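Peer 1: Sequence lines, in order, name chains A and B.
Counting in the working numbering, the first sequence runs from 1 upward without gaps.
Counting in the working numbering, the second sequence runs from 1001 upward without gaps.
Mixed in with the good hints there might be a few duds.
[Unchecked claim] Quick look at which bits of chain B chain A covers, simulated, 3 or more residues with Cβ under 8 Å:
1. 1104-1115
2. 1150-1159
[As the list claims (entries may be wrong)] Simulated coverage check for chain B against chain A, where a stretch passes if three residues somewhere in it have a Cβ under 8 Å from a Cβ of chain A:
3. 1046-1057
4. 1178-1192
Keep in mind that the hints were calculated from the coordinates and are not lab data.
Computed from a prediction, not measured in an experiment: that's the story for all the values here.
Cβ atoms here follow ideal geometry from the backbone N, Cα and C, with glycine treated the same way.
Listed here are the chains, written in short residue letters.
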Amino acid sequence: MHPLMELEAAYNKAQSDPEFIGELAALRKHYIGRPTPLYFAKRLTEHLGGAKIYFKREDLAHTGAHKINNALGQSLLAKRMGKRRVIAETGAGQHGVATATACALLGLECEVYMGTEDMERQKLNVFRMRLLGSKVTPVDSGTKTLKDAINEAMRDWVTNVADTHYVLGTVEGPHPYPVICRDFQKVIGEEARCQILEAEGRLPDLLIACVGGGSNAIGLFFEFIQDESVRMIGVEAGGHGPATGMHAARFAGGVVGMLHGAMSYVLQDENGQIMGTHSVSAGLDYPSIGPEHSYWHDIGRVEYAYANDDEALAAFTMASRMEGIIPALESAHAIAYAAKIVPALSKEQVVIINMSGRGDKDVQQAARFLLEGGDSL
Amino acid sequence: MNRIDQKFQALAAKGETAFIPYITAGDPTLSQTARIVLELERAGCDVIELGVPFSDPIADGVVNQEAAQRALLHNVTLHDVVALVRDLRKTSQVPLVLFTYYNPVLAYGVEAFAKDCKDAGVDGVLCVDLPPGEDEQYKRSLDANGIATVFLAAPTSTADRIALIAKQSSGFVYYVSRTGVTGERTDIVSTVQGMVAAIKEHTSTPVAVGFGISTPAQASEVAGYADGVIVGSAIVRLVGQYGEAPETPAKVYEFVKPLVDATKSAHRTASV
Chain A
1 MHPLMELEAA YNKAQSDPEF IGELAALRKH YIGRPTPLYF AKRLTEHLGG
51 AKIYFKREDL AHTGAHKINN ALGQSLLAKR MGKRRVIAET GAGQHGVATA
101 TACALLGLEC EVYMGTEDME RQKLNVFRMR LLGSKVTPVD SGTKTLKDAI
151 NEAMRDWVTN VADTHYVLGT VEGPHPYPVI CRDFQKVIGE EARCQILEAE
201 GRLPDLLIAC VGGGSNAIGL FFEFIQDESV RMIGVEAGGH GPATGMHAAR
251 FAGGVVGMLH GAMSYVLQDE NGQIMGTHSV SAGLDYPSIG PEHSYWHDIG
301 RVEYAYANDD EALAAFTMAS RMEGIIPALE SAHAIAYAAK IVPALSKEQV
351 VIINMSGRGD KDVQQAARFL LEGGDSL
Chain B
1001 MNRIDQKFQA LAAKGETAFI PYITAGDPTL SQTARIVLEL ERAGCDVIEL
1051 GVPFSDPIAD GVVNQEAAQR ALLHNVTLHD VVALVRDLRK TSQVPLVLFT
1101 YYNPVLAYGV EAFAKDCKDA GVDGVLCVDL PPGEDEQYKR SLDANGIATV
1151 FLAAPTSTAD RIALIAKQSS GFVYYVSRTG VTGERTDIVS TVQGMVAAIK
1201 EHTSTPVAVG FGISTPAQAS EVAGYADGVI VGSAIVRLVG QYGEAPETPA
1251 KVYEFVKPLV DATKSAHRTA SV
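Generate coordinates for the entire structure from the input sequences, incorporating the hints supplied.
Peer 2: See below:
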């Protein structure tokens, strides 16, 4: 508990220190490339024939995903705390790459834990992390995916806590992690609010984001949570469909439990054993969801839906061909769900989809699935 | 009076330290676990910790992780482990503590779990990923059923936390000898004795030390100042090695007996 309390105290102090705030703001602007654009997806809008669709272009942030927002913030914090070493877990590899990048920038030693199944399907990101000077440690236990990488990172952290900071990559884990990660990600929604007011002169009607742990979704949603007119939908990974048991749709099949120090909806059996998950996207392949999402779900503020693997793959192709934007397979889940509901919305309505990451990392994986499915790539 | 408290009182009267082994319940099978428990008792173990297998044991090193996986291959559940204790009570009165993660307890239902523990003859529960103060109902329910609540203190615990851990722990306080996960180590870190003394300033509840202890020499060293010596992974490794073989309980006995003897013959430098 003490390291968590120490982290909370250091974080609170940093948040009220103009020097920390200034340093982070400068790095966001000059290093990450913020603000990221809010882009009107004209052809996709015409194709779906309903509400106007905007993409919040987190895929254009340095390293290609929103993950850098949190990784850089936490790595700066680690340096302030006098930690010489940083560790992280990664699923799709985007958080690992973002943390490796931040550590290269700040001169910190970095080690990333990654499930062997994820290493296989995200080889490019494994190479990127190593190129950036990080050690990538394979995790071969359990389901060999994100949850097991978190287990191993937590084991490392409790062992080496004196000189090591654990950069948890999503709004999960014990307090204060969900708060810290949310705070570093909420810049997405803050920017989107200004940008949509400039573009449309009003607030959006609907926000859609994919939800693994839920950091990109919380980043977009948080700024709008008090605006009752703004509807929000988090899209989970439906995998082969919740009925098959091969999925990561926590609200469709989970019950409240505790995993990795957070109480939330968890996919588990009746005896409290955590269940394996499946998704075509490594970044959504996690049996629990950020506790604040569970709260928003239970109070009815945010709706949660899911998109299956094949729907996400179809959206992956659609966004690529219609907008010239190859989305991350994670983000493709948000697009897939938008494609289902947007045609029924009126043309006056405005939708923002969080394009949480770019899909370069996924092209090999997607090609395999699409070719298997008879697509003429 | 709870069997754990009775045991520590009896030991204190003799100036002895408790020897507390840990094994994973259901590794490789529940019936083998029952036989091992009886051999541990015969070897002179004072309290026995039964690990409840969990899919994501973040506080455990690889030896205990693999043991949990072996047990989960047979779908061993928390209900099964409680039932195992009920069976053991037909032949044994050795104090038994369940070493579990929180989620299986939540899934069981905290109230029902506490009641079933009492009915089965469980004496204490250690929930490794539940810090004291995080679930009041857990503490209340176990207290109401006379089940000891063991909590962990660590080298990183501050004075405030130690005070809380000491206050909320019953049966014994489990001091984790080093930062990190379960597993054998070559030496005992120098801060252990001082931390045990610091905990004892806050409570008369016995303090047992675990994580990293595997040899008679280490057991003897720790027994010099702690009320209990806990050995886990080294025994679990042995069980993993022999598995379902009929000689496994005897092998465990042979391994544990020198640890028990070293613990019992240690010269106490600090009073209980």
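Peer 1: So, for every hint listed, does it hold in this structure?
Peer 2: Verification of the hints:
1. 1104-1115: This one holds; 5 residues, not fewer than the three required, reach chain A with a Cβ under 8 Å.
2. 1150-1159: holds (count 4)
3. 1046-1057: holds (count 4)
4. 1178-1192: With 3 residues in contact (Cβ-Cβ under 8 Å with chain A), the coverage given for the stretch 1178-1192 of chain B holds.
The structure shown violates none of the earlier numbered hints.
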